[in-house]
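These protein sequence lines are chains B and X, in that order.
Just so we're aligned, residue 1 is where the first sequence starts under this note's numbering, counting upward by one.
Just so we're aligned, residue 1 is where the second sequence starts under this note's numbering, counting upward by one.
It should be emphasised that the hints constitute simulated quantities derived from the structure, not laboratory data.
Zero decoy hints are in this set.
Label-pair restraints from in silico Cβ distances: (1) B/322 - X/185: 45 to 51 Å; (2) B/232 - X/212: 40 to 46 Å; (3) X/12 - B/146: 42 to 48 Å; (4) B/134 - X/222: 32 to 38 Å; (5) B/322 - X/197: 52 to 58 Å; (6) B/157 - X/12: 57 to 63 Å; (7) X/197 - B/192: 54 to 60 Å; (8) X/193 - B/315: 58 to 64 Å; (9) X/94 - B/231: 18 to 24 Å; (10) X/40 - B/321: 37 to 43 Å; (11) B/17 - X/192: 27 to 33 Å.
Looking from chain B toward chain X, a few residues come up when the C-beta cut is under 7 Å (computed): (12) 19; (13) 25; (14) 26; (15) 30; (16) 207; (17) 209; (18) 219; (19) 221; (20) 222; (21) 227.
Think of the CB as a built atom: it goes at the ideal place given N, C-alpha and C, for glycine as much as any other residue.
The chain contents come next:
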Amino acid sequence: MDASKSSLPAGVGAVAADRARAVDFLTRRDRFRAAEALPWLLAIAAYFIFPDQMILGGQTLIMILFALSLDLILGFAGIVTLGHAAYFGVGAYGAALLITDLGWNEPLSGLACAAIVAAIAGFLSGWLLLRYRGLALLVLTLSTTIMLQQLGNLFRDFTGGYDGIPGVTIAPLFGHFDYDLYGHTYYLYCLGVLLIAFYVVRRIVYSPFGEALVGIRENVARMHALGSPVHWRLVVAYTISAALAGVAGALFAQTNTLVQLGVFDFDQSAAVLMMLILGGAGWLYGGFVGAVLYMVLQNELAKISPEFWQFGIGLLLIVVVLLGRHRVFARLVNIGRLLPWGVRR
Amino acid sequence: MSAPALEIRNLYKSFGAIQVANDINLALPRGARHALIGPNGAGKTTLVNLITGRVRASAGKVLLDGEEITSMSQAGRTRRGIARTFQVNQLFRNLTVLENVYLAIGERTRVCNRLWRSAGSETAVIDEALDHLQSLELVTDARRPVRELPYGRQRLVEIAIALAQRPRVLLLDEPAAGVPSSENHLILDVVSQLDPNITVLIIEHDMDVVFRFASRITVLVAGAVLTEGAPDEIAADERVRSVYLGERREGRRG
Numbered sequence: 001m002d003a004s005k006s007s008l009p010a011g012v013g014a015v016a017a018d019r020a021r022a023v024d025f026l027t028r029r030d031r032f033r034a035a036e037a038l039p040w041l042l043a044i045a046a047y048f049i050f051p052d053q054m055i056l057g058g059q060t061l062i063m064i065l066f067a068l069s070l071d072l073i074l075g076f077a078g079i080v081t082l083g084h085a086a087y088f089g090v091g092a093y094g095a096a097l098l099i100t101d102l103g104w105n106e107p108l109s110g111l112a113c114a115a116i117v118a119a120i121a122g123f124l125s126g127w128l129l130l131r132y133r134g135l136a137l138l139v140l141t142l143s144t145t146i147m148l149q150q151l152g153n154l155f156r157d158f159t160g161g162y163d164g165i166p167g168v169t170i171a172p173l174f175g176h177f178d179y180d181l182y183g184h185t186y187y188l189y190c191l192g193v194l195l196i197a198f199y200v201v202r203r204i205v206y207s208p209f210g211e212a213l214v215g216i217r218e219n220v221a222r223m224h225a226l227g228s229p230v231h232w233r234l235v236v237a238y239t240i241s242a243a244l245a246g247v248a249g250a251l252f253a254q255t256n257t258l259v260q261l262g263v264f265d266f267d268q269s270a271a272v273l274m275m276l277i278l279g280g281a282g283w284l285y286g287g288f289v290g291a292v293l294y295m296v297l298q299n300e301l302a303k304i305s306p307e308f309w310q311f312g313i314g315l316l317l318i319v320v321v322l323l324g325r326h327r328v329f330a331r332l333v334n335i336g337r338l339l340p341w342g343v344r345r
Numbered sequence: 001m002s003a004p005a006l007e008i009r010n011l012y013k014s015f016g017a018i019q020v021a022n023d024i025n026l027a028l029p030r031g032a033r034h035a036l037i038g039p040n041g042a043g044k045t046t047l048v049n050l051i052t053g054r055v056r057a058s059a060g061k062v063l064l065d066g067e068e069i070t071s072m073s074q075a076g077r078t079r080r081g082i083a084r085t086f087q088v089n090q091l092f093r094n095l096t097v098l099e100n101v102y103l104a105i106g107e108r109t110r111v112c113n114r115l116w117r118s119a120g121s122e123t124a125v126i127d128e129a130l131d132h133l134q135s136l137e138l139v140t141d142a143r144r145p146v147r148e149l150p151y152g153r154q155r156l157v158e159i160a161i162a163l164a165q166r167p168r169v170l171l172l173d174e175p176a177a178g179v180p181s182s183e184n185h186l187i188l189d190v191v192s193q194l195d196p197n198i199t200v201l202i203i204e205h206d207m208d209v210v211f212r213f214a215s216r217i218t219v220l221v222a223g224a225v226l227t228e229g230a231p232d233e234i235a236a237d238e239r240v241r242s243v244y245l246g247e248r249r250e251g252r253r254g
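This is chain B alone, in the form it adopts within the complex:
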């Protein structure tokens, strides 16, 4: 190693060893671990074990993708938003209008279009809003989403207003695989898209850019003092996050064959935030844990009590958040610190 750089002959070996260990720490932390296959194996297992639950399964995968997109900005860059549904909605409408107005129904290029439209929306709003933080940002993101919803209502000739856009039917996947009533094809389609999106987010998080995002989350004053273009870093992250949320929205439109203005509801922004908090923000897998927990619980609670299922979700969230503030429990909740993979933050 670089032992020659040390000026002290004694302890040269020890310093070199420390250097090597430090280098290892950074170069190895983003290697794929065997344990990281677990969520994916479970998703595939679910396909075979619960063949009659694949519609719920597909919707859960979409929410995982949505939560993952939020994790990039909230968990890593520390941007707290109550308006992430905006980009989900823009993506959903983008994908739907592409089919109903332009007659282009190839699904994958539809996702790409939705991603681009949502990215543009994310870039413009991010450029304006990310000058603010905290409460101001919460209100601004919330208002943006409400305004988008009302724009959709205003141009109802174009968007169908609150009735929405029906007939969002996509061509067979790869021109080959058609969709069955039980959602099997949709499930695998969503799983494939989620896998690609996850790879993208994981790479970004472990890049020097991702390191800078964490720096902004941890101490923005220091990042300014380091000469970091903080605003631009946040805008870039926000744009990518919006694009991924847009893909989630597009999948939602394609698999439901219908989009309504409800995709912009405050409930949507709140639900994805709850999922991420339930599963833990900032370790990439929070969306997986949280969305599965939320969707399954919602499904089961709704069976017990169709009107009051949200009570159960609310209760769970209170328990998680309150216990999460407790030091000892925080260590348990922050599974990230216990599991052997990828989790530094």
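On the provided structure of chain B, position chain X as indicated by the hints.
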């Protein structure tokens, strides 16, 4: 004659009715070792904030190597070569020591623009970070989160970050503040061994350190320069004694 590395001309700043910088003039030639002293609330940290652009001046000029930077952003000034340490640690407490310095280098070299490469594959950045840590004997702690380090070593990380920015002008805001006296020699050694090409402005309360380190001293009182001079002139100045030195000790020791 070349322009001073850092120059401040007729600088004013007020927060509402409170005048925190009142017609401050200062010129530091390249490689200067300049100390800024004054009682609490004299506006020393504010002056550092004005120089780095963290706070904008109400009037006056800041020049770096003769070039005006008054209207430049904090990030812009940092890129021109101004670095600082903070009186109270401004570190990434939950990140490792190595990552703290990595970020300083990554932002300086723009490596942090890269979002499709692994942070661990930027070996040039990691090597340089480790060189800085090695020179401050921090390599053993490289993989530890900063929050786990004793305060004195955290102060060293603060300095490591500033040095990793490769500054032309370095502003040290009480580098040994809060460090137990048994450990502060570590920091003072580092400060006294800084590259002579770096222009250094240091805020310090400990007069021993000031008189040992600085070749020039500016005394700031209530936002204005009371006087400026060589250490022995300052030590002999009656006004300085009355407003500042007298509070603590009888001037210079030894």
